[in-house]
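**Q** Sequence:
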Amino acid sequence: MKKKLIIIFEIIFIISAMTYYVVKELIPDYKRKFGSSDKIVNSEKCTNIIEVKINNNIDYMYLINKDEKIYHLIFFTPESIALYNQNIENKNFDEGIEDSIKILIENNYLKKDSNITIIRYNNEYYNEFNTSLKEQLINYNINTNIVEEESNFIDKTTKLGLNNNTKSIMIMEMDYYSKELVDDNIHNKNKESVLNKTTSKQYASTVYKKIEKYINSNNINNLDVNNTNLLINTIPADDNYKYYPTSNSWYYVQNKRVFSYIEFKEGNNRYGYCYKGSIDSILEGECEVNEKN
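Going by our numbering, 1578 is the number at position 182 of the sequence shown; the sequence numbering is gapless.
Hints are computed from structural coordinates only; laboratory data are not their basis.
Just so you know, not all the hints are guaranteed correct.
[As the list claims (entries may be wrong)] Below, computed lysine-lysine pairings styled on BS3-like, alpha-carbon distance capped at 30 Å: (1) K1593 - K1606; (2) K1441 - K1508; (3) K1449 - K1530; (4) K1593 - K1449; (5) K1606 - K1575; (6) K1652 - K1507; (7) K1609 - K1593; (8) K1575 - K1462; (9) K1575 - K1661; (10) K1507 - K1449; (11) K1449 - K1555; (12) K1593 - K1563; (13) K1563 - K1575; (14) K1661 - K1609; (15) K1597 - K1435; (16) K1530 - K1465; (17) K1575 - K1555; (18) K1672 - K1449; (19) K1575 - K1435.
These numbers come from a predicted model, not from an experiment.
Could you put together the complete structure from these sequences and hints?
**A** Okay, structure coming up:
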């Protein structure tokens, strides 16, 4: 009998010790690794989506639930990832928007004269969100002349090159796109660069921004397509200096606006993007010859 009691106490002790280890060690470590933006989106909770664009580099979405809370974020540009895992999720509009604004200001992505566009996908809680946003912007002395637009899931997923399906599936598709973007820019930053449809577009954007920076830094108003000031095929597109635009790529400057075709090639895969004067006016595929003139 005593032997049985000893065995039972030993089992209870082992279970208690394991429970203590899981609660005190594994769960906190898991939480540190599994951040607020890493969860897979629950598309069924989505009451409305409100997309925010700032200038030419910030584009992300707030997903709103029935409790008028921001329960998920989806990112569409590398710069927007500044809001990744910042515990904005599960906060009400005032708290979540204020946190977002502070982070974007700290990263120099939001300034007093920034161009801000708000895109609604339906009217649910939109007025409440918009009022909160404008109040927070006023608190930080940010321009509140906001452009308001409407969109839908089909238009957005089409622009991203994703599949069109039901609302739930399209939300999940956008979330996968966002998580790929995070992987490329954070989790896999030190891994070898790869060329595919997603990364080639990012690389093209990187090259375009470097050209814009060069043009602005040197106060260049106009530049011929055959210029040799900054050769486009010498501009690295990735952190590992593996990818450069092909010799088919070109750019010219007209009234301080950069027009460009940026192409990458690896093996049998070729990806090209045409920019018609701004980073937002991107089209997939090669520009026509007459667009160079």
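**Q** Now tell me if each hint is right for this structure.
**A** Hint check results:
For a cut-off of 30 Å, the pair hint linking K1593 to K1606 stands: about 20 Å separates their Cα positions. Between the alpha carbons of K1441 and K1508 the distance comes to roughly 34 Å, so the proposed pair goes past 30 Å and is violated. Between K1449 and K1530, the direct Cα distance comes to roughly 14 Å. Compliance with the 30 Å bound is thereby established for this hinted pair. Taking the CA atoms of K1593 and K1449, the gap is near 22 Å; set against the 30 Å cutoff, the hint holds.
Of the supplied pair hints, the one linking K1606 and K1575 holds, its CA atoms being roughly 25 Å apart against a limit of 30 Å. As the CA atoms of K1652 and K1507 are separated by approximately 21 Å, the hinted pair is consistent with the 30 Å bound. For the proposed pair K1609 and K1593, the alpha carbon gap of about 25 Å is at most 30 Å, so the pair holds. With a C-alpha separation of about 24 Å, the suggested pair K1575 and K1462 falls inside the 30 Å cut-off, and the hint holds.
Proximity of K1575 to K1661 is assessed by CA-CA distance (about 25 Å); at most 30 Å being required, the pair is judged to hold. Restraint check for K1507 and K1449: the C-alpha separation of about 13 Å stays at or below 30 Å, so the hint holds. Between K1449 and K1555 the CA atoms are separated by roughly 15 Å; this keeps the pair inside 30 Å, and the hint holds. The straight-line distance between the Cα atoms of K1593 and K1563 is roughly 23 Å, inside the 30 Å bound, and the hint therefore holds.
Among the hinted pairs, K1563 with K1575 is consistent with the structure: their alpha-carbon atoms are about 18 Å apart, no more than 30 Å. About 24 Å separates the Cα atoms of K1661 and K1609, which keeps this hinted pair within 30 Å; it holds. In summary, the hint linking K1597 to K1435 is supported, as the alpha carbons are separated by about 25 Å, within the 30 Å threshold. Proposed proximity of K1530 and K1465 is supported: the alpha carbons are some 17 Å apart, at most 30 Å.
Distance check on the hinted pair: K1575 and K1555 sit about 17 Å apart at the alpha-carbon level, within 30 Å; holds. Our distance criterion of 30 Å between C-alpha atoms is met by K1672 and K1449, whose separation comes to about 19 Å. Distance hint between K1575 and K1435 is fulfilled; the C-alpha atoms sit about 10 Å from each other, no more than 30 Å.
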